[in-house]
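K.L.:
Going line by line, the protein sequences match chains A and B.
To convert, count from 1 in the first sequence and add 1284; that's the numbering used here.
To convert, count from 1 in the second sequence and add 1284; that's the numbering used here.
I should point out that these hints are in silico values taken from the structure, not numbers from a laboratory.
Check each hint, because a few of them may be wrong.
Identical copies carry no separate label here, and so any pair may be met within one copy or between two of them.
Stated by the list, open to error - Pairs of lysine to aspartate or glutamate residues, derived as EDC-like cross-links and limited to a Cα-Cα distance of at most 20 Å, are as follows:
id: 1; residue 1: Lys1418; residue 2: Glu1442
id: 2; residue 1: Lys1390; residue 2: Asp1799
id: 3; residue 1: Lys1390; residue 2: Glu1774
id: 4; residue 1: Lys1379; residue 2: Glu1677
Each chain is listed here by its residues.
There are 2 protein chains.
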Amino acid sequence: MYRSHNCGVLRSSDIDTVVTLSGWVQKSRDLGGMTFIDLRDRYGITQLAFNMEVNEELCLAARKLGREFVVQVEGTVIERSSKNKNIPTGDIEIKVSALKVLNASKTPPFTIEDNTDGGEDIRMKYRYLDLRRKTVRENLMLRSKIAIETRKFLSDLEFIEVETPVLIKSTPEGARDFVVPSRMNANQFYALPQSPQTFKQLLMVAGFDKYFQIVKCFRDEDLRADRQPEFTQIDCEMSFVEQDDILNTFEELTRHLIKETKGIDLPTFPRMDYADAMRLYGSDKPDIRFGMEFVEINELTQNKGFKVFDDAELILAINAEGCANYTRKQLDALTKWVKRPQIGALGLIYVKYNEDGTYKSSVDKFYSQEDLAEWCAKAGAKPGDLLFVISGEKDKARKQMGELRLKMGTELGLRNPEVFAPLWVMDFPLLEWDEDSQRYHAMHHPFTSPKMEDFDKIEESPAEVRANAYDLVLNGSEVGGGSIRIHDRELQRIMFKHLGFTDEEAQNQFGFLMDAFEYGAPPHGGIAFGLDRLCSIIGGADSIRDFIAFPKNNSGRDVMIDAPSPLAQDQLDELSIANVEKVTAE
Amino acid sequence: MYRSHNCGVLRSSDIDTVVTLSGWVQKSRDLGGMTFIDLRDRYGITQLAFNMEVNEELCLAARKLGREFVVQVEGTVIERSSKNKNIPTGDIEIKVSALKVLNASKTPPFTIEDNTDGGEDIRMKYRYLDLRRKTVRENLMLRSKIAIETRKFLSDLEFIEVETPVLIKSTPEGARDFVVPSRMNANQFYALPQSPQTFKQLLMVAGFDKYFQIVKCFRDEDLRADRQPEFTQIDCEMSFVEQDDILNTFEELTRHLIKETKGIDLPTFPRMDYADAMRLYGSDKPDIRFGMEFVEINELTQNKGFKVFDDAELILAINAEGCANYTRKQLDALTKWVKRPQIGALGLIYVKYNEDGTYKSSVDKFYSQEDLAEWCAKAGAKPGDLLFVISGEKDKARKQMGELRLKMGTELGLRNPEVFAPLWVMDFPLLEWDEDSQRYHAMHHPFTSPKMEDFDKIEESPAEVRANAYDLVLNGSEVGGGSIRIHDRELQRIMFKHLGFTDEEAQNQFGFLMDAFEYGAPPHGGIAFGLDRLCSIIGGADSIRDFIAFPKNNSGRDVMIDAPSPLAQDQLDELSIANVEKVTAE
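All chains should be modelled from the sequences, with the hints used to inform the complete structure.
P.N.:
So this is what it looks like as structure tokens:
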């Protein structure tokens, strides 16, 4: 037996108990006659005490232990003379009677502390040491907790977890697939799923009624900072449901998860149309932990001789409360920030509503104090507030102002990660125009049902057709998205046609699903949550990598195991493939 | 709202309630003035009643409904005149007041009944219809139940579920990997994991203490009847444990699963050495639902002039109770069966212990009644029993007799799928000789620790070194297997050496793990259960395919979605690979 207790469990009530503990040497302190060691495991830290006078040999052995040595000790729980109120075991220590080194350790390449001195690269190479840090371990424990609570919640509602296959069929639609050459079927390939979408719909056709799965999905995209080639979805589907049934069910799930992990009771989630979200926040995933909604001030600003506004399609203002005292330097920095190519604004106009009731603006020469007063009134500004104005083409101005709003929210401390502001965004457009391919793409995916009341516009103005689609937004991030699906073969055929599929292509790629619709497909819909993102937001962190045990870097590499790596020629031969020179675009 | 209740929930206590139901038309019956329809969903079947006299139009509409149509009805719960005691809703029916067809259905290509007329091929092509059958759906619900109960049980014991990566590194050791070309790292490949073995060990080095994961694994092997290229493991690992800690924990888990799914309380699981299992049952996974242990009768049979026995290394008998009345035809059939190439016995000798106390044997001319009496006595045979004797080279004779024992167990009805007989098989050999490569392979895997008391034999007689390895056997199938791992770098290096790795190869393939052992690796061990197999045994079925929602056929194809399939040239180009002619072995 390696231990009678773990390192987080002993209390004053255990005093005089003889115990065996095992764990890692977190640190040791020599105080003349005494040596103290903090023994660490996943559950906590327990102080070990060695006394030179009582047992010199043992104490000397303890002094030789390096950081991260794995040891086993026997001893008696005693009261601590100077108690540590910061840890649950702080009232006691172990008077050690026997010590055994289970494994030595080289000096770790970085310190195993909450705030480590290790950079990203070295921590990823030695991820097994990085994972020893309490912050990282707690992130993964949070993830485990969210997963099990999700499963318990959905199982209690009679959802069945069904595993869908990982080796499936490649489809050109959507993002790029990872593929797997088939040895037994030469020159044929499986694809790894980007989502179990078609399979979960088939499970509805099969009458499974309520399905879920926490499942790995794969996208071979160029990786941006916070993307991973493999990611995890909480994937769900229900039959005989309308949109509200799904929203209510998964609002409850989200509320349950926040309650179980953070102890917070969330009220009913607000719902907002996509059109309103774009109009008020310039984003389909607004962070509503704070207000600062957009105010459209075209009528107050145009035709007064300021050409920039006169030429603009849209003029937007937001009110930054209490910021009238911003310095020239601060305002210049913000102007420079919005003019960066990533944001792309042509400029930033401000109006200070001074405490003395006067107004000061960067466009004073075009607008009177009365004009500026009107703007401020419309934006709900009080003395001491600061208005920002951005103008231009409608969609661009909204996007730019949306970015500025988030930046101001951050600067003003309005985006507290311990506050949770969920929002359902509804009634997304069915289609969006893609400049590259010069055709419409499905905004969600090709299986999303249109709002039938809009469907007569599909030929004339396809962009105006709304979908029965919804996203769950949490603190400005999309954590879930779904839709009511098409369950009628003919409607699905029409949708594919509008997405530029020939009937033959549609049948070739998705024939199995369209065929299934002919054998009694029930009305159905669902949702998928991004588990990595959900964990990072509930955990109050920005990066999803902190919530993935073994993440890949931006080149898609696992630097710890050094993957991907070349294959031996006989492996390639068996798979009937050959390496070729990289084809570069002309 | 599509439904107020599901089709399995209404009872007499609901009489007079107005309800809305949705589901599939299972069947309909026209009885002159009345039409009855069985409406089906996942939860059950509810009878719908239509009366020609009350509402002719509605009744005529109901008569037009085909099998598998999806309909929604409104109506009132009424008492049934002729009650059906076979279904929980059998006391009531719905007096329908409104009917809506939600979706039509073509005639299914096979009947959606427990015993279908559809062959394997057609059912796999239309798997979404096959999954509508109650038996198949219940298998998958059992699987879902086993998974959630496993997670609850392990979470309650503070196991953390951690997702390990799917895109990892190819290693030549063991079975063939599926590989994934990396677009961003040209001419390099990921591999899909055959198990998360090294990652779970790293999680122990990271101090996670108790890990589990229900996880897809992949092996590109030639598929036999009951193998799938992707399969699911319940993968577990614990730190600071000895073998008994693991056996006790996972025995409890298994007991919990059988209790929750079958309502059966299992007693303490027996444990048996590998050597005894081979000696008594000729198998490392004996089915101990029945006895029929092997009896070694060399000393009773040799040197009596029967050359076959005199030349044999081992002579084994089993006693088939009550089979003395087997006919010549039956005995000939069994003899033919053991002589098939798959079994490979040279012959089968029998001794009938007749009810009258006499003995009749196929080797009467070599052995006296007294001889045969001794054999029967040693095998514990009573009058009316039948002894089978197989002889030959030790390992072969055991294997052949093991097969015969199972066949006789089946013939005699001793292998009831509703009876559960678990068994721990312990102390496996560390290494096994591989004829093909003319070297030793790890019997479990290269990370299994040897029994240190045997380790001095590693140079001289490696086959005699036992491992700290164990399998959980249930009803004659291996459902789980694991070991105490090596956690010392030097010992791991020696193991790799004995497995034929050069130091460089070992470092290149598993350097990350051996390096990790130098930073305070704790003693650890674990186990992995084959979920597909575990489900099939608990579900009382032979084939794991019945417990997989979308299985692949023996060519590794998903015939429903038609995967794998060829890739477009631009996809191949992007991945820097080319198809080549299949290389055939010379």
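K.L.:
For each hint given before, does the structure comply? Return the numbers of the non-compliant ones in rising order.
P.N.:
4
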